[in-house]
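Visitor: Once you have looked at the hints, place chains X and V on chain P.
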Amino acid sequence: MKRELLKYSIFAVCVLLAPLAFLDSYLLNVLVFVGIHTMLAVALNLLLGYAGQISLGHAAFFGLGAYLSGVLTTTYGWNPWFTMLVAAIVVGGLAFMIGFPILKLKGHYLAMATLGLGIIIFIVFNEWVEVTSGPSGFSGIPNLQLGQLIFDSDLKNYYLVWCFVLGCVLLSVNLANSRIGRALRAIHDAEVAARVVGVNARLLKVQIFALSAMISAIAGSLYAHVMTFIAPPSFGFNISVELLTMVVIGGLGSIYGSFLGALLLTLLPEFLRFMHDYDIVFYGGLLMVMTIFMPGGLVQGIPDLFRKLVGLRKGKGDSHA
Amino acid sequence: MELGTQLLQYLLSGLSTGAIYALIGIGFSIIYNATGIINFAQGEFVMLGGMLTLFLLSVLQLPLWIAIPLAVLLAALVGLLFERLAIRPLRKASPISLVIITIGGAILIRGLAMLIWGKDTHSLPSFTGDEPIMLAGATLLPQHLWIFGITVVLIGLNKWFFSHTISGKAMRACSYNPRAAGLVGIDVRRMVLLSFVISAAMGALAGIIVAPLTMTAYDVGIMLGLKGFCAAIIGGMSSGLSTVIGGLVLGVLESLGAGLISSGYKDAIAFVILLLILFLRPQGLFGKPESERV
Amino acid sequence: MLTRIMTVLMLSATLLLSASFALAADTIKIGGLFSVTGPPAFLGEPERNTAKMVVDGINKSGGIKGQKLELIVYDTAGDATKAVQMATKLIRDDKVVAIIGPSTTGETMAVIPVVEKARIPLISCAAGSKITDPVKRYVFKTAQNDALAVERIYDYLKRQRQNRVALLTVSDGFGASGREQLKALAPRFGMQIVVDDTYGPKDTDMTSQLTKIRASQAQVLIVWGTNPGPAVIAKNARQLGLKLPLYMSHGVSSKKFIALAGDAAEGVRLPSGKVIVADALSKKDPQKASLLAFVKDYQNHYKQEGDHFGGHAWDAVMLLKAAIERGATTAESIRDGLENTRNFHGIGGTFTYSAGDHAGLNKEAFVMVEIKNRDWSLAK
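Protein chains in written order, with my numbering: chain P, 1 to 321; chain X, 1001 to 1294; chain V, 2001 to 2380.
Because the hints were derived from the structure by calculation, they are not lab data. Possibly wrong hints are sitting among the right ones.
[Unchecked claim] One side only, chain X facing chain P, incomplete, derived with CB under 8 Å:
hint	residue
1	A1086
2	G1105
3	G1111
4	L1112
5	L1274
6	L1278
Ideal Cβ positions, reconstructed from N, Cα and C, are used throughout, including at glycine.
The following block holds chain P by itself, in its conformation from the complex:
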């Protein structure tokens, strides 16, 4: 437990100090989105890494949060903070209800069902023009405000978003190390065995699904207020896939890995710029190579690789001696 606390403190201090290095750079802006992606990846990781349930429709929950916040605050003049809460509860409730039938499914079927759900919600964003403004996007969403403080610059948004991220990480780390976390891992490894020892697997899975959807919805609300403009393509199937990639590349079941995955994938376009149109090929290739050679993600893969390299060198040294 102490170790967890130490890890968390190091992470928090780094997060809070990071802006000092990037004050005038556009990277501060990118880091705001890294924060939002981290929340989403952590949320998906709770479901995927801990409960072992895949979702290819998480972008829809993200989108629901964004649209609820956007529409209710802009069209109906609700208080943004209150709306954020309402959006989280509504989306969580929705996920809770859908969770019962959908989480009965396993593996590939679950993947397809969540994908279908995501596409249906995406179509509603696109077609319900009277409310969402449809494909042209919804603009004019206000920035969040706390007393006199208006979150309208990258620096302010950075701290806003990352406070939520830190809260979310803290929650997830605690959850992972609690009784619930152990029960979840039991479900992940052997659901039948977990049931036999008295874990209510079904309810637990549905609860985690709802929690994961709620965190995604909050990330969506933040996104809406940071961007002040939302449009359906930001919540489509490819975004769900991107989130999945973040979790897998970072490492299933590793909260900090999800952060790393979000950071890597959000920054990836920066490194791939020299590749011009080739980046989509690289992206697909990276996904395949990672799954084949680093199934545990970066957090396990890099230290393993390092150990192997060190081991090799030692091995060589020994043979020489």
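Guide: Here is chains X and V on its own, set in the frame of chain P:
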């Protein structure tokens, strides 16, 4: 124009789209039954069929009847490579890793197609002219007849392959119980490879016969693949007739939905059906709870 | 366990540091945001190509008043989030004085708060009317408003004495904006919309919608979309033997559409920028010189026919050039310079910006063309 003719037109349009969904759906089922994998790259084979034919026709100036089999062959080769390079190294991985690797493969294939052939949409010439055929007030194109004809032939071949050839029977054995199949001397790995080759070829053929009507581009595979999967789910992941019916039902419902209800929500119809079936009848619309999976 | 967190931190630091280096040079830096990949690639690619071509051309002939232009282009992949990030990068790290693009209305709307706050002029290549209505201080556009195209069609229909129209629009940003304008302007021209239907950008068969339209009282069908949808519709209409005259949007005014639809394209009429009929224009047309120069240049560079999407970027770079030539150097003075543009004869039309109009065109920017013998001709 009275409602009857209108309905007939919806029905015909729906059936031709549905036939394509059926072919793609069967591709999904064949791989699923042999390996338990849902191949998210299935739609990319459909795209490859159309784009390869186009390439052979326009760049290499081959005649159509050579270009088509060659394109199917090349797509099958891609299927083979895909299995060898991506699926085989992961044989013991979790379903999640398998889902992700096929998604990665789909992105890679799509990206390569974009690099090689560009981002433009292209049209393929019809096999036999564009003169509409009248049918009780509704109209069809000769290409529609090709679609129906080729679908019927493929389904027949498929049936024959799985019930009358050694390889087909061996593949069925693998789908029932791979370990037992291995014990009686069936090379399970070869069967898995074969399943990828067959479904790549079927997907490619579907992509070729539909391209003269719908055009083709590097990114047509995503939506077609998803619809094909819906067809397979409705048919309970069988590689036989029920997936075909699944595809046709889906196509007709979409067409009726677009004509009578709302064209905007047409795509949603397919996915609502998908969810309902998964929730209520995971064994498919026609299957018995313990249905035979071929 | 601690090695893991160390890994995370070290990797993060490396990633961030290696991403943050920028070049410095003594040139006029302008930024370009185009969706070179993603669904709107058919817009972004010709736009980027054209922008590069024009900037190279200017630099080869000595730059502007001896100063070279430097064009920094980022791909937005049609994604609003990425567009915002890239706009921020152009402003903060590359320190550009003006930005050209983005390619789509959605991305432009997302970028507007960023440029307004940073006080950097933006010349959008997207068509949506809401980009410059209401007027934003730093935002201009070169793509013709959809409303102008709609006015052209309705005007034409009125002269043909046809007033019952069926609409079939694509459900993406382009189609949604067109549909809005088609519905809003109908009363003014005495048009009656008898069918209002849509199709999806990836749909492959539209016979259902067309069957419905065939059964209606409509006299003409207006299709609003970009390739390949309208080509599929033209083919489907031919299959069904639909007798209605077919009108399309400027979204398909490239040879690509004719190649896709083949014979089914015969007789289709659409409002278009003048670039596709440059040869057929009368010598007196003030745009003719610009149009011919652009078409020839693009053909030489890319062995392809230049289309009006590329034209939007041509206009944007040339408008900037003109503003800088008139003495503008800073972002603020370039903005003022742009606003003072009078009678600039570009590709998309003749631009005259003012404090109350940052779109700058009138409906003369469009001509009605008809497809005859697989080529464009001016409609009578």
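Visitor: Decide, hint by hint, whether the structure agrees.
Guide: To see whether the hints hold, each was checked on the structure:
1. Annotation: interface hint on A1086/X holds; nearest CB of chain P at approximately 6 Å, less than 8 Å.
2. Here the hint on G1105/X is kept, as its CB sits about 6 Å from the closest CB of chain P, short of 8 Å.
3. For G1111/X, the interface hint holds, the least distance from its beta-carbon to any beta-carbon of chain P being 4 Å, beneath 8 Å.
4. A hinted interface residue such as L1112/X counts as satisfied when its beta carbon comes closer than 8 Å to some beta carbon of chain P; here the least separation is about 6 Å, so the hint holds.
5. At about 5 Å, the closest approach between the beta carbon of L1274/X and any beta carbon in chain P falls short of 8 Å, and the interface hint on this residue holds.
6. Interface hint at L1278/X: satisfied, since its Cβ lies 5 Å from the closest Cβ of chain P, which is below the 8 Å cut-off.
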